[in-house]
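Participant: Chains as they are written, first to last, in the working numbering: chain A, 1 to 115; chain B, 116 to 226.
Since the hints were derived computationally from the structure, they do not count as laboratory data. Where hints are given, some of them may not hold.
From chain B, some residues computed to sit far from chain A (all C-beta separations above 10 Å) [said to hold, decoys possible]: (1) Pro125; (2) Ser147; (3) Glu157; (4) Lys164; (5) Thr180; (6) Val208.
With a cut-off of at most 30 Å between alpha-carbon atoms, the simulated DSSO-like pairs for lysine-lysine come out as follows [as the list claims (entries may be wrong)]: (7) B:Lys223 <-> A:Lys11; (8) B:Lys171 <-> B:Lys192; (9) B:Lys167 <-> B:Lys183; (10) A:Lys17 <-> A:Lys57; (11) B:Lys175 <-> B:Lys192; (12) B:Lys213 <-> A:Lys11; (13) B:Lys213 <-> B:Lys183; (14) B:Lys175 <-> B:Lys164; (15) B:Lys213 <-> B:Lys175; (16) A:Lys57 <-> A:Lys11; (17) B:Lys164 <-> A:Lys57; (18) A:Lys57 <-> B:Lys223.
Only part of the chain B face toward chain A is listed, based on derived beta-carbon distances under 7 Å [said to hold, decoys possible]: (19) Tyr154; (20) Gly158; (21) Leu159; (22) Gly210; (23) Thr211; (24) Lys213; (25) Phe216; (26) Thr220.
Where a beta carbon is used, it is the ideal one built from N, C-alpha and C, also for glycine.
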Amino acid sequence: GAGVSQSPSNKVTEKGKDVELRCDPISGHTALYWYRQSLGQGLEFLIYFQGNSAPDKSGLPSDRFSAERTGGSVSTLTIQRTQQEDSAVYLCASSDRGRAQETQYFGPGTRLLVL
Amino acid sequence: GNSVTQMEGPVTLSEEAFLTINCTYTATGYPSLFWYVQYPGEGLQLLLKATKADDKGSNKGFEATYRKETTSFHLEKGSVQVSDSAVYFCALVSGTYKYIFGTGTRLKVLA
């Protein structure tokens with residue numbers, strides 16, 4: 001079946017502008033994750049959604065970052081007042097039920113460049 | 116805390132050479148271990164995984180064995196191809212859903 005999809009694939013924006021990144025998880029997966037892949041820093045966890053539970057936002061780097069998941073499916077990651085250090089690849093993943101140690105399946109990512 | 120350490124790249128090999136990419140970990144509890152691969156311009160793809168000690172994960176000619184005594188999960192392939200050129204990430208998850216990734220190892224295979 002279809003995998004995790006993300007849009008846009010690339011985004012170039014000016015410092016101070018807001019951006020929205022979209023993620024469509026695998027159909028039927030109840031858990032959704034956002035990660036950030038920065039140059040030379042590997043991947044870091046940002047946020048986790050599971051069903052109707054309150055999201056785990058512990059990885060969000062600042063209050064400029066927020067995410068929502070509507071209807072238990074599509075998720076949007078919003079970065080307000082972008083800074084150059086926000087430039088990175090933002091990866092979305094989904095898994096079946098969000099249980100501990102469950103395999104996560106990743107999308108192709110959105111490459112964000114803040115000028 | 117939990118962590119993953121991978122050998123630094125880039126690793127450059129000739130086609131048909133033997134590949135080893137080292138991965139060691141520190142974790143509490145009983146982690147599951149993963150290798151993900153990222154081909155140029157693409158997202159992460161699960162390559163293989165192992166969920167308990169002495170398990171061997173394998174896929175596409177790649178193998179890795181979960182060694183609890185040495186806290187390692189080294190990736191191996193007997194004969195690499197140009198198409199294996201990619202970045203390889205070792206990852207663990209232990210008692211939670213938050214994956215811990217290594218920094219990645221870039222592999223370049225020359226024809």
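Participant: Would the pair Lys167 (chain B) and Lys183 (chain B) pass a check requiring their Cα atoms to be no farther apart than 30 Å?
Facilitator: holds, 9 Å
Participant: Answer holds if the nearest beta-carbon of chain A is closer than 7 Å to that of Gly158 (chain B); otherwise answer violated.
Facilitator: holds, 4 Å
Participant: Lys213 (chain B) and Lys183 (chain B): Cα distance at most 30 Å?
Facilitator: At roughly 20 Å apart (the allowed maximum being 30 Å), Lys183 (chain B) and Lys213 (chain B) satisfy the hint.
Participant: When you check the alpha-carbon spacing of Lys213 (chain B) and Lys11 (chain A), does it fall within 30 Å?
Facilitator: holds, 26 Å
Participant: Would the stated hint for Leu159 (chain B) survive a check requiring a Cβ distance to chain A of less than 7 Å?
Facilitator: holds, 4 Å
Participant: Could you check if Thr220 (chain B) really has its C-beta closer than 7 Å to a C-beta on chain A?
Facilitator: violated, 11 Å
Participant: Determine whether the non-interface label on Lys164 (chain B) survives the test: each CB of chain A must be over 10 Å from its CB.
Facilitator: violated, 6 Å
Participant: Taking C-beta pairs only, is Thr180 (chain B) more than 10 Å away from all of chain A?
Facilitator: holds, 18 Å
Participant: Has the given pair, Lys223 (chain B) with Lys11 (chain A), been kept, meaning a C-alpha gap of at most 30 Å?
Facilitator: Holds, at roughly 28 Å.
Participant: Has the given pair, Lys17 (chain A) with Lys57 (chain A), been kept, meaning a C-alpha gap of at most 30 Å?
Facilitator: holds, 22 Å
Participant: Close enough to count: is the Cβ of Phe216 (chain B) nearer than 7 Å to one in chain A?
Facilitator: holds, 4 Å
Participant: Closest CB-CB distance from Glu157 (chain B) to chain A, is it above 10 Å?
Facilitator: Incorrect as stated: the minimum Cβ-Cβ distance to chain A is 6 Å, not above 10 Å.
Comparing the model with each earlier hint shows violations of hints 2, 3, 4, 6, 18, 19 and 26; every other hint is respected.
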